[in-house]
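Colleague: Chains A and B, in that order, are what the protein sequence lines are.
Numbers -1 to 190, taken from our numbering, label the letters of the first sequence in order.
Numbers 19 to 445, taken from our numbering, label the letters of the second sequence in order.
Any given hint could be a false lead.
Lysine to aspartate or glutamate pairs mimicking DMTMM-like chemistry, simulated, CA-CA at most 25 Å apart [as the list claims (entries may be wrong)]: (1) LYS141/B to ASP174/A; (2) LYS141/B to ASP167/A; (3) LYS396/B to GLU366/B; (4) LYS279/B to ASP408/B; (5) LYS349/B to ASP134/A; (6) LYS349/B to GLU109/A; (7) LYS151/B to ASP174/A; (8) LYS141/B to GLU168/A; (9) LYS141/B to ASP169/A; (10) LYS165/B to ASP167/A; (11) LYS295/B to GLU407/B; (12) LYS151/B to ASP169/A; (13) LYS428/B to ASP90/B; (14) LYS165/B to ASP169/A; (15) LYS335/B to GLU129/A; (16) LYS141/B to ASP85/A; (17) LYS279/B to GLU115/B; (18) LYS151/B to ASP167/A; (19) LYS185/B to ASP134/B; (20) LYS279/B to GLU424/B; (21) LYS151/B to ASP173/A; (22) LYS385/B to ASP350/B; (23) LYS165/B to GLU168/A; (24) LYS349/B to GLU366/B; (25) LYS349/B to GLU318/B; (26) LYS175/B to GLU146/B; (27) LYS175/B to GLU244/B; (28) LYS141/B to ASP173/A; (29) LYS335/B to GLU321/B; (30) LYS349/B to GLU129/A; (31) LYS165/B to ASP173/A; (32) LYS165/B to ASP85/A; (33) LYS165/B to ASP174/A; (34) LYS151/B to GLU168/A; (35) LYS325/B to ASP350/B; (36) LYS385/B to GLU321/B; (37) LYS385/B to GLU109/A.
Quick look at which bits of chain B chain A covers, simulated, 3 or more residues with Cβ under 8 Å [unchecked claim]: (38) 76 to 86; (39) 151 to 164.
Hints in this document: simulated from the structure, not taken from any laboratory.
Each residue gets a CB set at the ideal place from its N, CA and C atoms; glycine is no exception.
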Amino acid sequence: MTAARLALSLALALGADLACADTPVAGPATCSGPALPGGARRLAQLAGGALPGLDGQLHRLTDWPGKVVVVNFWAGWCGPCQYEIPDLVAFQAAHAAQGLQVIGIGLDTRERLGNVARSLGINYPVLVAGEGPGADLMGLWGNPTGAIPYSVVLDRRGCVTQVRRGPLDEDDLRDDVLPLLAPASAGAHHPG
Amino acid sequence: MHKIHRLALPLMFLSLSAAANPQPPESQSQILATVGDQTVTAHDLESAINSSPVSTQFNTLGVDQQAALRGDMLKRLVASRLLLLEAERLGLDRQPELRRQMDDYRLGQLYRAYMDRLRAELKVPDEELAEMKQQFGDDHDALVAAKSAALVGIYRKRQAELIAELKTRYAVQLHPERIVPGVAPDTLLMESAAGLQIRATDLHRTTDQGEPSPREMRNRLTERVELLLVAKAAEDDHVDISQALATYRAESLPAMLLAQKAREWVPNEAAMRAYFKTHPTLGQIAERRHIGQIVVATPEAAEALRKRVLAGESLFKLAGQFSIDPNGRAKDGDMGWVRAGSGMPEIEAALAHLPDGQVSPVVHTTKGYHLVMILERKPGKQLGFESIEDRVRQQMISEHLPAYLEELRKRYQVAWLLPAHSSGAAK
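Put together the whole structure using the sequences plus the hints.
Modeller: If you want it as structure tokens, here you go:
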């Protein structure tokens, strides 16, 4: 078992306590999904600073309140990342109207990320984190190993609901993300 | 056949006289080139790029680089069509070896298609899945592994049931007891009311060294029975593999023709040794040097830094601070191991007589004003024929291939039908 998995298992085992140990920040009082190795469970604890997007604008990961967010860490040199991107593109196109927001975090140069985004027709924001700072950010998001692709799913309240090491596939998106988009899962309030 | 494919791919990089750098096509059915009665469509081109080993890197390239690679790939596809037409003219498609390979491929494809369909229908029962979710909670990796293990068990059971069912459906009679040492090649080992048959000779492989043991033959019989039964069931279900077969044929024939021509151009080892004798540089490995470098914008800045290095400061520390080459600055001027002769001519000239550990005079290039230093060297050497036999062979083939393709281009007319918007990048 890797250190990250051990940490994740411990975090899961201690779930209830960690929920109480959350730093008080704006957002839901409690999140019941998995805690990341650092103990964080919600977007407000994880967002970090602003990052430049491929669109030339600065973005924060809190810029999409009330959406079901799939944060996907990837790089141009990563083959498996490129295999999952067409599924993410199709999923975003199919469910944007229901409140889905895929966000790519690129651990690569702006030029290479932009070329891949153009080649694969990426239809969601890609924020340029670069290799080193991107790995640091991914560590904050629960993946200190640096292995990509890596994705974290958050519900409309900004609570972490799924963590995925390795590529997301159609089954993952259907089973783990689609239910969050249902009207019943709309959530009573948005993260602050 | 795989060996032939490996040979064919690098060879097809060779150029034809017409060049093209097409942009991404607007329609997949768009015809980009015609070769005799053959076409190369946008779909063919994109498929070739997506299935190439460089497909991931391709996506990271800029528009112009992608266009250049598309052009190279299109030329390869046109070359492939030329070879296909010529192979057909020469009747290579009637050779028993190709027919046997095509039949093996057909059976394999039918088997795969049928079993893939069966596998897609399998699922872990809801109750069992719920138990797994309970057991593994949010540990997705463990849940996936447990689901996979359960599906493998379900698949094996269903596979065994299917084979038993097909044996009954096609009234199969097996005769494994006829497998004895020295069994005659035409000995019938399986027959069925559906016309399926397996003879001892069907179980022999070209890679066999001597006669396989009876035990091995029985294992092969079991596998072959399964293959034939499932392929027959797939055929009865009208599983369509015609496209895959056409693709296999279109890839195999050019490779067969190239292998035939290669035997003509490189007839034996003596010919290769004679070629190597007249082309000894093929075996030369150039000296490699571990290089440090600073690049700055003005000769004055370069001279000032040179004085600081001569006075004892580290070239690498200074490169990390002052080099205008972002890559070099990020690496503190450490350019790694560089093959002699592969750098810019001005730098190569400066390095030619530079003692190790000494900073060079200022070198002016189009990139700026450089200071370079050789940290250490790995000497070059001359390899013997045995070490580079493959390289000699490839070189001999690549000397003949362009002229051969040109000959084929005259026999089968090639027309480039590139999209109007790519004309600026073409040729």
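Colleague: So, for every hint listed, does it hold in this structure?
Modeller: Going down the list of hints, with the structure as the test:
1. Restraint check: the Cα-Cα separation between LYS141/B and ASP174/A comes to about 18 Å, which is no more than 25 Å; the hinted pair holds.
2. Restraint check for LYS141/B and ASP167/A: the C-alpha separation of about 17 Å stays at or below 25 Å, so the hint holds.
3. Of the supplied pair hints, the one linking LYS396/B and GLU366/B holds, its CA atoms being roughly 16 Å apart against a limit of 25 Å.
4. The straight-line distance between the Cα atoms of LYS279/B and ASP408/B is roughly 16 Å, inside the 25 Å bound, and the hint therefore holds.
5. For the given pair, LYS349/B sits about 20 Å from ASP134/A by alpha-carbon distance, which is consistent with the 25 Å threshold.
6. Among the hinted pairs, LYS349/B with GLU109/A is consistent with the structure: their alpha-carbon atoms are about 20 Å apart, no more than 25 Å.
7. Distance restraint check for LYS151/B and ASP174/A: the Cα-Cα separation of roughly 13 Å lies within the 25 Å cut-off, and the hinted pair is therefore satisfied.
8. Taken as a hint, the LYS141/B and GLU168/A pair is honoured in the structure, with Cα atoms around 16 Å apart against an allowance of 25 Å.
9. The hinted pair formed by LYS141/B and ASP169/A meets the criterion: a straight-line CA distance of about 13 Å does not exceed 25 Å.
10. For the suggested pair LYS165/B and ASP167/A, the alpha carbons sit about 15 Å apart, so the restraint of at most 25 Å is met.
11. For the given pair, LYS295/B sits about 12 Å from GLU407/B by alpha-carbon distance, which is consistent with the 25 Å threshold.
12. Our distance criterion of 25 Å between C-alpha atoms is met by LYS151/B and ASP169/A, whose separation comes to about 15 Å.
13. As the CA atoms of LYS428/B and ASP90/B are separated by approximately 20 Å, the hinted pair is consistent with the 25 Å bound.
14. Between LYS165/B and ASP169/A the alpha-carbon distance is near 13 Å, which keeps this suggested pair within the 25 Å criterion.
15. This hinted pair checks out: LYS335/B and GLU129/A have alpha carbons roughly 23 Å apart, not beyond 25 Å.
16. Taken as a hint, the LYS141/B and ASP85/A pair is honoured in the structure, with Cα atoms around 22 Å apart against an allowance of 25 Å.
17. For the hint pairing LYS279/B with GLU115/B, the CA-to-CA distance comes to about 17 Å; that is within 25 Å, so the pair holds.
18. Note on LYS151/B and ASP167/A: the hinted pairing holds, with a Cα-Cα distance of about 19 Å set against a maximum of 25 Å.
19. Between LYS185/B and ASP134/B the alpha-carbon distance is near 20 Å, which keeps this suggested pair within the 25 Å criterion.
20. Proposed proximity of LYS279/B and GLU424/B is supported: the alpha carbons are some 14 Å apart, at most 25 Å.
21. With a C-alpha separation of about 13 Å, the suggested pair LYS151/B and ASP173/A falls inside the 25 Å cut-off, and the hint holds.
22. A C-alpha spacing of about 17 Å is found between LYS385/B and ASP350/B, which places the hinted pair at or below 25 Å, so the restraint holds.
23. The hinted pair formed by LYS165/B and GLU168/A meets the criterion: a straight-line CA distance of about 16 Å does not exceed 25 Å.
24. For the proposed pair LYS349/B and GLU366/B, the alpha carbon gap of about 21 Å is at most 25 Å, so the pair holds.
25. Note on LYS349/B and GLU318/B: the hinted pairing holds, with a Cα-Cα distance of about 23 Å set against a maximum of 25 Å.
26. Taking the CA atoms of LYS175/B and GLU146/B, the gap is near 17 Å; set against the 25 Å cutoff, the hint holds.
27. The hinted pair formed by LYS175/B and GLU244/B meets the criterion: a straight-line CA distance of about 14 Å does not exceed 25 Å.
28. Distance restraint check for LYS141/B and ASP173/A: the Cα-Cα separation of roughly 14 Å lies within the 25 Å cut-off, and the hinted pair is therefore satisfied.
29. Of the supplied pair hints, the one linking LYS335/B and GLU321/B holds, its CA atoms being roughly 16 Å apart against a limit of 25 Å.
30. Straight-line distance between C-alpha atoms of LYS349/B and GLU129/A comes to about 15 Å, which keeps the hinted pair within the 25 Å bound.
31. Of the supplied pair hints, the one linking LYS165/B and ASP173/A holds, its CA atoms being roughly 14 Å apart against a limit of 25 Å.
32. A threshold of 25 Å between alpha carbons decides the hint, and for LYS165/B with ASP85/A the separation of about 22 Å falls inside it, so the pair holds.
33. A hinted pair counts as satisfied when its Cα atoms are at most 25 Å apart, and LYS165/B with ASP174/A qualifies at roughly 16 Å.
34. Restraint check for LYS151/B and GLU168/A: the C-alpha separation of about 19 Å stays at or below 25 Å, so the hint holds.
35. For the hint pairing LYS325/B with ASP350/B, the CA-to-CA distance comes to about 18 Å; that is within 25 Å, so the pair holds.
36. Our distance criterion of 25 Å between C-alpha atoms is met by LYS385/B and GLU321/B, whose separation comes to about 16 Å.
37. The hinted pair formed by LYS385/B and GLU109/A meets the criterion: a straight-line CA distance of about 21 Å does not exceed 25 Å.
38. Check on the region 76 to 86 of chain B: 7 of its residues sit with their Cβ under 8 Å from a Cβ of chain A, so the three-residue criterion for coverage holds.
39. For the region 151 to 164 of chain B, the stated coverage by chain A is satisfied: 5 residues place a CB nearer than 8 Å to a CB of that chain, which reaches the threshold of 3.
The structure shown violates none of the earlier numbered hints.
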